[in-house]
Amino acid sequence: MKPQDISRRHFLRQATWSGAALTLAAYMPVNWQTAPVIVNPVTSGTLQGTELMSWISISPTGKVTLMCNRSEMGQGTFQALPQMLAEELEVALDDVEVVFTPANPEKYGPQPQEGSFSVRGWAPRLLRTGACARDMLIETAAGDWNVPKNDCYAENGAVINRKTRARLTYGALVEKAAKLKPPTDVILKKRSEYKIIGKSALRKDIPLKTNGSALFGLDKKLPGMKYAVIERSRRFRETMKSFDDSETRKVPGVSHVFKVKRPVFSQYCEGVAVVADSLWAAMQGRKALKVNWNDPDFDLPHTASLEKQMRENLQKIGSHSRFEAEYGPCTQKLEASYETPYQSHSCMEPLNCIADVRSDRIEIWGPIQEANWIQADLSQRFNIPVEQVAVHMTFLGGGFGRKAFPDYPYEAAFISKEIQAPVQVVWTREDDMTAGPFRPGACYTLKGGLNTQGHIHAFQANTATQWIGQEWSPTAPGAPEAAGYNAGDFEGLLHPYRQGIPHYSFGGAGTHTPIPVMWWRSVYASTHGFACESFIDELAHLAGKDPMAFRRAHLPAPRYQALIDRMTELTAWQSRGKNQGWGVAFTECFTGICGHAVKVTRNAEGKVRIEKVIALMDCGWYVNPDIIRAQVEGSIVIALGAATIHATTFEDGKAVQQNFDTYPMPRIADIPPIEVHIMENDEKPGGVGEPGLPPFAPALANAIFDLTGRRIRRLPFSLDEIS
Amino acid sequence: MPSYQLSVNGKPYTVEADEQMPLLWAIRDLIGLTGTKYGCGIAQCGACTLHLSGAPVRSCSFPVSAVGEQPVTTIEGLSDDNSHPVQRAWIAEQVPQCGYCQSGQIMSAVALLASNANPDDEAINTAMNGNICRCGTYPRIRKAIKTAASYSH
Numbered sequence: 000m001k002p003q004d005i006s007r008r009h010f011l012r013q014a015t016w017s018g019a020a021l022t023l024a025a026y027m028p029v030n031w032q033t034a035p036v037i038v039n040p041v042t043s044g045t046l047q048g049t050e051l052m053s054w055i056s057i058s059p060t061g062k063v064t065l066m067c068n069r070s071e072m073g074q075g076t077f078q079a080l081p082q083m084l085a086e087e088l089e090v091a092l093d094d095v096e097v098v099f100t101p102a103n104p105e106k107y108g109p110q111p112q113e114g115s116f117s118v119r120g121w122a123p124r125l126l127r128t129g130a131c132a133r134d135m136l137i138e139t140a141a142g143d144w145n146v147p148k149n150d151c152y153a154e155n156g157a158v159i160n161r162k163t164r165a166r167l168t169y170g171a172l173v174e175k176a177a178k179l180k181p182p183t184d185v186i187l188k189k190r191s192e193y194k195i196i197g198k199s200a201l202r203k204d205i206p207l208k209t210n211g212s213a214l215f216g217l218d219k220k221l222p223g224m225k226y227a228v229i230e231r232s233r234r235f236r237e238t239m240k241s242f243d244d245s246e247t248r249k250v251p252g253v254s255h256v257f258k259v260k261r262p263v264f265s266q267y268c269e270g271v272a273v274v275a276d277s278l279w280a281a282m283q284g285r286k287a288l289k290v291n292w293n294d295p296d297f298d299l300p301h302t303a304s305l306e307k308q309m310r311e312n313l314q315k316i317g318s319h320s321r322f323e324a325e326y327g328p329c330t331q332k333l334e335a336s337y338e339t340p341y342q343s344h345s346c347m348e349p350l351n352c353i354a355d356v357r358s359d360r361i362e363i364w365g366p367i368q369e370a371n372w373i374q375a376d377l378s379q380r381f382n383i384p385v386e387q388v389a390v391h392m393t394f395l396g397g398g399f400g401r402k403a404f405p406d407y408p409y410e411a412a413f414i415s416k417e418i419q420a421p422v423q424v425v426w427t428r429e430d431d432m433t434a435g436p437f438r439p440g441a442c443y444t445l446k447g448g449l450n451t452q453g454h455i456h457a458f459q460a461n462t463a464t465q466w467i468g469q470e471w472s473p474t475a476p477g478a479p480e481a482a483g484y485n486a487g488d489f490e491g492l493l494h495p496y497r498q499g500i501p502h503y504s505f506g507g508a509g510t511h512t513p514i515p516v517m518w519w520r521s522v523y524a525s526t527h528g529f530a531c532e533s534f535i536d537e538l539a540h541l542a543g544k545d546p547m548a549f550r551r552a553h554l555p556a557p558r559y560q561a562l563i564d565r566m567t568e569l570t571a572w573q574s575r576g577k578n579q580g581w582g583v584a585f586t587e588c589f590t591g592i593c594g595h596a597v598k599v600t601r602n603a604e605g606k607v608r609i610e611k612v613i614a615l616m617d618c619g620w621y622v623n624p625d626i627i628r629a630q631v632e633g634s635i636v637i638a639l640g641a642a643t644i645h646a647t648t649f650e651d652g653k654a655v656q657q658n659f660d661t662y663p664m665p666r667i668a669d670i671p672p673i674e675v676h677i678m679e680n681d682e683k684p685g686g687v688g689e690p691g692l693p694p695f696a697p698a699l700a701n702a703i704f705d706l707t708g709r710r711i712r713r714l715p716f717s718l719d720e721i722s
Numbered sequence: 000m001p002s003y004q005l006s007v008n009g010k011p012y013t014v015e016a017d018e019q020m021p022l023l024w025a026i027r028d029l030i031g032l033t034g035t036k037y038g039c040g041i042a043q044c045g046a047c048t049l050h051l052s053g054a055p056v057r058s059c060s061f062p063v064s065a066v067g068e069q070p071v072t073t074i075e076g077l078s079d080d081n082s083h084p085v086q087r088a089w090i091a092e093q094v095p096q097c098g099y100c101q102s103g104q105i106m107s108a109v110a111l112l113a114s115n116a117n118p119d120d121e122a123i124n125t126a127m128n129g130n131i132c133r134c135g136t137y138p139r140i141r142k143a144i145k146t147a148a149s150y151s152h
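Protein sequences appear in the order of chains B and G. So for the first sequence, numbering that gives the first Met the number 0 puts the first residue at 0; every next one is plus one. So for the second sequence, numbering that gives the first Met the number 0 puts the first residue at 0; every next one is plus one.
None of these hints come from the bench; they were simulated from the model. Here a beta-carbon is modelled for each residue, glycine too, at the ideal position from N, C-alpha and C. Treat the hints with caution; some may be incorrect.
Unchecked claim - Partial selection, computed: residues in chain B whose CB lies under 10 Å from chain G:
#	residue
1	ARG202
2	LEU299
3	GLY633
Claimed, not checked - Derived list of chain B stretches under chain G, where covered just means 3 residues or more per stretch with a C-beta under 8 Å from a C-beta of chain G:
#	region
4	72–79
5	571–585
As the list claims (entries may be wrong) - Sample of chain G residues with no beta-carbon within 12 Å of chain B, all distances over it, derived:
#	residue
6	SER6
7	LYS10
8	THR13
9	LEU32
10	SER52
11	GLY53
12	ALA65
13	GLU68
14	ALA110
15	ASN117
Pulled out of the complex, with its shape left as it was, chain G reads as follows (with noise of 0.2 Å):
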C-alpha cells in the first residue's frame, strides 16, 4: 500500500493508505484526529471541512494522494485552548447543539474570516452554503461570524 506524508496541524505524520481513500478516512482513523466529522461522504453537508493550505476542502471526497505538500488544518489545529476568535464567538453566541456538524462550520467560518474580515449576510450565505446543520443553529451562526469579526476590530 502506497504511503503519504502528511503534515497535519503543523505536526508530520506518514500514513500507509490506499491512494483512492478519502482524506477524512486518514485523518479519523489513521492519525486519531476525530474531530473531523463524516456526514455524506458525497461533500453535500460540509461535516468533514478542513483546511488545506488555508482554503476549505470537504474532506470525505478528497483523496489522500492528492494532498502532495498541502499543510492539513483541522478543528483540532486552530488553537489549543478554545481560544481562536472563532472559537470564542461560537462559545459566546452557544451556537452548538448536538455539535456534530459544528467542526465543518467552524472551519468553514474560520475560511470565510481569513478572506474577508467582515463579511455581510450575502457572504456568510455564500461561504456557509456547503455546511448543513440539522439541528438548526444557522442563526446562531450567523451571529456568531459577526462576533467573531468584532474581536478583531
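Same shape as in the complex, but just chain B (with noise of 0.2 Å):
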C-alpha cells in the first residue's frame, strides 16, 4: 500500500483514545478537524446522581444501565460492549438495560464504528471502566462495614463481606460510591474467572428485531416532522442549470422545493428538495419535476474506460531495481493479471436522516455509524458550537461503511434549516444504489518466482484502483508510481508472508474518477485478498505442491501455523482426494485472521455448486462466540454475492444497476451448509465483523480451478456459466 494513502489500517492502528483526536486531524478532511480531544472519562467525568461512571448508571432500587457507545448494524457490539462492563463491573447480564449514548467524545471517547474496531478497540477501557465501577462499590460498602476492602467482594450485583456474609446491593451503595473518585490502579479479572466474556449470552437487541419495535433511522419520528426525498444527478458531479416544480407543486402535501447540496469529499452536489407533509407526497412530487443538468465539465465515467485507465496507471508503477533483480533468475516465473469491480453497500435500510436545526443548535437522528465525526462536520459546515450538535444513533439497518459517509445527514440539517422545521430525508432503494459512494473497482498484476525448492523467492503485488483516502484529502500527493522493496503493507495479505517470502514488492496507482467511493465490509482487503490469495494458489500449483503445505511453508509464525494446522483437520485435508473441488484462501485485516476452505461440486445438471464452507476465525481474546459465528456466516454470505453477482458498472457516467431487480441479493436457497470454528488462544482481541469476509472469494475460485482446472481472475463471476 502507498504511503501516502494515509489507510484506515494505519489510521486504526493509531487510533487509541488518547491518540485519536489528533489520528483524525490528520485523516480527516478539513472540516473534521474539530474533532475534540478525548478526555480520559475515567477520571473527568462528572458524576451526577446515580451515574457511576460513564457507560454505567445504576439506580437506588439496583437497575443497572449500561451505555453502549457505538453504533449497532447489525454486528453486535450492543451485546459485545455491555458484555464486558457487566463481567468487571459483576452484573448479571439480564438485569441491565442497554442504551445507546448520545455523541459525546469528551464523555464516551471516539464512535467511529468501522475498522472492526469494537472489541479490538474498546476491550481496555470498557473493563477498566467496569472493575473501577465495582472497586467503588466496594470501597463504598468496606465503609459502611468498617472493614478492610480486602474483606470484600461483589457479585451479581451486590458487595458481599466474606465474614459475616453480609450483602449490600449496588443500589444500596450507589449514591455515596459516585463521590468517590474512581481509582487508578484496578485489577482486572483472569480468562479463567470470567462469567460472561467468552460466553454466548443472547443478544439483548435480538427480541426488540423479533416484534418490530427497535427503532431504526426511518421509524423515527418527530412532532411537527416533515418528510423530504432529493432529485440528484445521476451523474455524480454535474451542476444544475435550473428546474420547473410547477407540476410537483401541484401534489397535495407537498410544501417547499427548492435546491440543496450534498456534501461528497471537499465538493457539494447540487439537487432538489421535495419536502412534503408525507413521505409518500414528496416521492410523487418528485416524480413531477423537471430539472435541467448542466453540460458535465469531466470525463463521464464508462466502465470499460476505467478499466483501461487503471491498466494504463498499472503499468506506471514500475518495478523496483532490487525485486527484478531477485525475480528476474527465478527457475520458475508467473505474472497474472486480476480484476475486481465496484460495488454498491445496498443496506437493506435506505439511507435516511431527521435534523431538527434551529439558530443556536443542531440535533440529529438516525441511523449513523460515525456519531462524533458527524458531530464536528455539522459543527463545522452550520458553525455551530460542537457541544450544541446533539447526534443521536438509531438502530442501523445494515451499514458495511455506507452509513459513515456524512452526506445524507448534512442534507438534512441543510433542509431543516432552510424550512425552519425538523425534516427528515429519505433516499429512495434507486437512490441508495445509485449515488454512491461505492467500493472502489481495481486492477491488479502479480508476480512470483520459485527458487529451485518450489518456494516462493520473489512476490510482486501491484494495484491500481481509486484510493479511498485521497477522495478524502484531494490535495495529498500523488499515487506513488514506484514499487518498495521489502517494505510496506498489502492490505488483506496474511502478515508473516513477509517474513516466510525473502523478496517481496507492493505498488500502488491512483486512479481519479468523479465516481464517490469509500470503505465496504472489509475495505481493500475484500478485493486484494482476492487477488493475493488467489495468486498464491497459482503459484503453489506451479511449484507442484498441495496448497495447504504451500501456504504453510510461506507463513512461519506459529499462530498461522496452528490456524493452518486446524484447517487441514476440520477439512480432513489430507484425505479430501485429487481435484474434488477443494479449494482454500486465508487473509488479514483489522486484526482479525481468517480461513476459508470451500467444497465445490458438480450438479446432475453439469453446473457447479457450492456444496459447503468451513470458516475458521482467529480473533484471539474474544467475547461472544456466538456472535463471531453470526459475523462470519453473514460475511459468507455477503461475499458470495460479491464473488459471483455483484458488480456496479458505469454508463454515460451513471451507476447503471438501480434496484434489487438489477442488482439481485443471494436469497436462501444459494446459501450453502457453513461451518464455523474459532481458534483458542490468548492473542489480543482481534476484528471479527470484516475479516470473515475476505478469504471467500479466493477459496471458492481455487476450488473451482481444483475442480474443473479453470482458473478465475476476475470478479464476479456466475457460478452458471463455468464449464
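Assembly of the complex is requested from the two constituent chains, each provided in isolation within its own frame, with the hints serving as guidance.
Here you go:
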C-alpha cells in the first residue's frame, strides 16, 4: 500500500483514545479537524446522581443501565460492549438495560464504527471502567461496614462481606460510591475467572428485532416533522442549470421545493429537495419535477474506460530494481492480472436522517455509523458550537461502511434549516444504489518467482484503484508510481508472508474518477485478498505443491501454522482426494485472521455448486462466540454475492444498476451449509465483523480451479457459466 | 382525498390517502406501525411483508385502495410479548443481525408454517425466496423455521 494513502489500517492502529484526536486531524478532511480531544472519562466525568461512571448508571433499586457508545448495525456491539462492562462490574446481563450514548466524545470517546474496532479497540477501556465501578462500590461497602476492602467482594449486583456474609446491593451503595474518586489502579479479572465474557449470551437487541419495536432511523418521528426526498444528478458531480417545479407544487401535501447541496468529499453536489407532509407525497412530487443539468465538464465514467485507465496506471508503477534483480533469475515465474468491480453497499435500510436545526443548535437522529464525526462535521459546516450539535444513533439497518459517509445528515440539516422545521430525508432504494459512494473497482498485476525448491523467492503485488484516502484529501500527494522493496503492507495479505517470502514488492497507483468511493465491509482486503490468495494458489500449482502445505511453508509464525493445522484437520485435507473441488484461502484485516475452505461439486446438470464452506476465525481474545459465528456466516453470504453476482457498472457517467431487480442479492436457496470455527488462543482481541469476508472469493475460485482446472481472475463470475 | 377503513391487527383504522398510496406507507406513516419496513419499493426484497387475510403480501407494491375488507396483520400483531412460536424460535436461534429485514422474514415464515406445519428445505426455499437479508442470516432463518415447527410437535 502506498504510504501517502493514509489507510484505514494505519489510522486504526493509532486510534487509541489517547491518540484519536491527532489521528483524526491527519486523516479527515479539513472540516473534521475540529473533532474534540478525547479526555479519559475514567478520571474526568462529571458524576451526577447515580451515574457511577460514564457508561454505567445504577438506580437506587439496583437497576443497572449500561451505555453502548458504538453504533449497532448488526455486528453485535450492543451486546458485546455491555458484556465486557457487566463482566468486570459483576452484574448479570439479564439484569441490565442497554442504551445508546449520544455523540459525546469527551465522555464516551470517539465513535467511528468501522475497522471491526468495537471489541478490539474498546476492551481495555470498558473492562477498566467496569472494574473501577466495582472497586468504588466495594470501597463504599467496606467503609459502611468499617472493614478492609479485601474482606469484601462483588457478586451479582451486590457487595458481600466475606466474614459476616452481610450483603449490600449496588442500588444501596451507588449514591455514596459515585462521590468517590475512581481508582487509578484496578485489577482486572483473569480470563479463567470470566462468567460472561467468552460465553454466547443472548443478544439484548434481538427481542426488539422480532416484534417490530427496534427503532431504526426510518422509524423515528418527531412532532411536526416533514419528509423530504431529493432529486440528485445521476452523474455524480454534475451541476444544475435550472428546475421546473410547477407540477410538483400541485401534488397535495408538497410544501417546499428548493435547491440543496450534498457534500461529497471536498465538493458539494447539487440537487432539488421536495418537502411534504408525508413521504409518499414527497415521492410523488419528485416524480413531477423537471431538472435541467449543465453539460458535464468532466469525463463521464464508463466501466470499460475505467478499467483501461486503471490498466494504464498499473503500467506506470514500474518495478523496483532490487526486486527485479531477485525475480529475474528465478527458475519458474508467473505473472497474472486480476480485476474486481465497483460495488454498492446496499444496506437493507436505505439512507435516511432526521434533522432539527434551530438558530443556535442542531439535533440529528438517524442510522449513523460515525456519530461524533457527524457532530464535528455539522458543527463546522453550520458554524454551531460542537456541544450544541446533538447526534442520536438509532439502530442501523446495515452499514458496511456506507453509513460512515456524512452526506445524508448534512442534507437533512440543510433542509431543516431552510424550512425551519424538523425533517426526515429519505433516500429511495434507487437513490441508495446509484448515488454512491461505492467500493472502488481495482486492477491487479501479480508476479511470483519460485526457487529450485519450489518456494516463493520473489512476490510482487501491484494495484491500480481509486484510493479512498485520496478522495478525503485531494491535495494529498499523488499515488506512488514506484513499487517498494521488502517494505510496506498490502491490506488483506497475511502478515507472515513477509517473513516467509524473502523478496517482495507492493505498489499502488491511484485512479481519479468522479465516482464517489468509500469503505465497503473489509475495505481493500475484500479485493486484495482475492487477487493475492488466488495467485498464491497459482504459485502452489506452478510449484506442484499442495496449496495448504505451500501456504504453511511460507507462514513461519506459530499462530499462523496453528491456524493452517486446524484448517487441515477441519477439512480432513489430507484425505480429500485429487481435484475433488476443494479450495482454501486465508486473509487478514483489522487484526482478525480468517481462513475459508470451500468445497464445490457439479450438480446433475453439470453446473458447479458450492457444497459447503468451512470457516476458521482467529480473532484472539473474544467476547461472544455466537456473535462471531453469526458475523462470519453473514460475511460469507455477502462475499458470495460479491464474488458471483455483484458489479456496479457505469455507462454515460451513471451507475447502471438501480434496485434489487438488476442488482440481485443471494437468497436463501443460494446459501450452502456453513460451518464456523473459532481458534482458541491468548492473542490480543482482533476484529471480527470484517475479517470473515475476504477469504471467501479466493477460496471459491481456488476450489473451482481444483475441480475444473479453470482459473478465475475476475469478479464477479457466474457459477452457472463455469464449464 | 379518499378515505379507507382498515382492520390492522384486529383494530379498526380510518386513513385518508391517495388511492395509489402503497399499503406500506399507510401502515407506517398514517397508522404509525413502523415494524413493517421499506426496502426496495418494487416487491423485490420482502422487507415490507405483511399478511392480508393471512397471506403474505409485499405491501410496498400493494395500493391501500385494494385492501378492501381483508384484515391486515403486521409484525406487531403476532403477539404482545414475543411469544409467537416463530418469534420464540427467532430469539432461540439468535437470527437477527441488523434486524431490518426480519419483520418481513418472520411474516413470510409465519405464513409458511400456517400452510405447512413441517416444511422441508425445499419448502423453506420456496416460501422464503422473496425475502432478502443483506446481513446473511439465512442459515439461521432456515434453522429457526425448523425450530418453530418443532414447538408445535
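Q) So which of the earlier hints does this model not fit? A) Going through the list in order, the structure violates hints 2, 5 and 9 and respects the others.
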